[in-house]
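**Student:** Sequence:
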Amino acid sequence: FDRGYETFTTAKAWVKAGTSCPSGLISAPGCPKTDYCSFSQGYFFANGTFNNGASVLWEPGLTIGGITYTQIQGNNFWNIDRGRGGDQTMNGFFQLGAVRLSGVESEVAADAAIIDAYFTGLDVTTTITTVSGSGGTYQYFNLPATNNGITKAQVTTAGSSIGGYIDANHCD
Numbered sequence: 001f002d003r004g005y006e007t008f009t010t011a012k013a014w015v016k017a018g019t020s021c022p023s024g025l026i027s028a029p030g031c032p033k034t035d036y037c038s039f040s041q042g043y044f045f046a047n048g049t050f051n052n053g054a055s056v057l058w059e060p061g062l063t064i065g066g067i068t069y070t071q072i073q074g075n076n077f078w079n080i081d082r083g084r085g086g087d088q089t090m091n092g093f094f095q096l097g098a099v100r101l102s103g104v105e106s107e108v109a110a111d112a113a114i115i116d117a118y119f120t121g122l123d124v125t126t127t128i129t130t131v132s133g134s135g136g137t138y139q140y141f142n143l144p145a146t147n148n149g150i151t152k153a154q155v156t157t158a159g160s161s162i163g164g165y166i167d168a169n170h171c172d
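1 is the number of the first residue of the sequence shown in this note's numbering; add one for each residue after it.
Just so you know, not all the hints are guaranteed correct.
Each computed DMTMM-like pair below joins lysine to aspartate or glutamate, with the alpha-carbon atoms no more than 25 Å apart [claimed, not checked]:
1) K152 - D87
2) K152 - D172
3) K152 - E107
4) K152 - D167
5) K152 - E105
6) K12 - D87
Now the in silico label distances, taken between C-beta atoms and shown as ranges [unchecked claim]:
7) N142 - P22: 35 to 43 Å
8) I26 - S160: 36 to 44 Å
9) G48 - D167: 36 to 44 Å
10) G42 - G136: 21 to 29 Å
11) G24 - G136: 51 to 59 Å
12) I26 - T130: 24 to 32 Å
13) S55 - H170: 17 to 25 Å
14) L25 - F50: 21 to 29 Å
15) N51 - A17: 35 to 43 Å
Keep in mind that the hints were calculated from the coordinates and are not lab data. In this text, a Cβ means the ideal position worked out from N, Cα and C, and glycines have one as well.
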């Protein structure tokens, strides 16, 4: 689907096979939410995402750069990046995740391709760095300045552009 849809847990379906027509329950999309709308980063990554309905859209996970992440990992990434040492490159990760999970990535395809290319082969879980000092212990993402020929600045710009799309086309 190329736009956001309500997701029903199950729906009754029939499968025609020869002379039989058995029925069963399958996961199914519902009605369009609105034409080409997207939920925000916070809807999918911030605290409360396990109670707002986002979990259904996380199945079977979020793939960015060829690596699939779980909702729990996404929530953890959000908490790391929003603390001390936040990295705007991760904002691109979250923006791409929001449109991808909302099913409207096609609306921002060029920016999505930039972000996806940067993160290709880069498992962000391996870039988490823990620092301990007199100010306490905190974590941050130690992302490379360039990956696959894409710079962090390009990812930040693409993420900002996707953020503008989400602001203008936010799902109610």
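**Student:** Are any of the numbered hints broken by this structure? If so, which, sorted upward?
**Tutor:** 2, 6, 7, 9, 12
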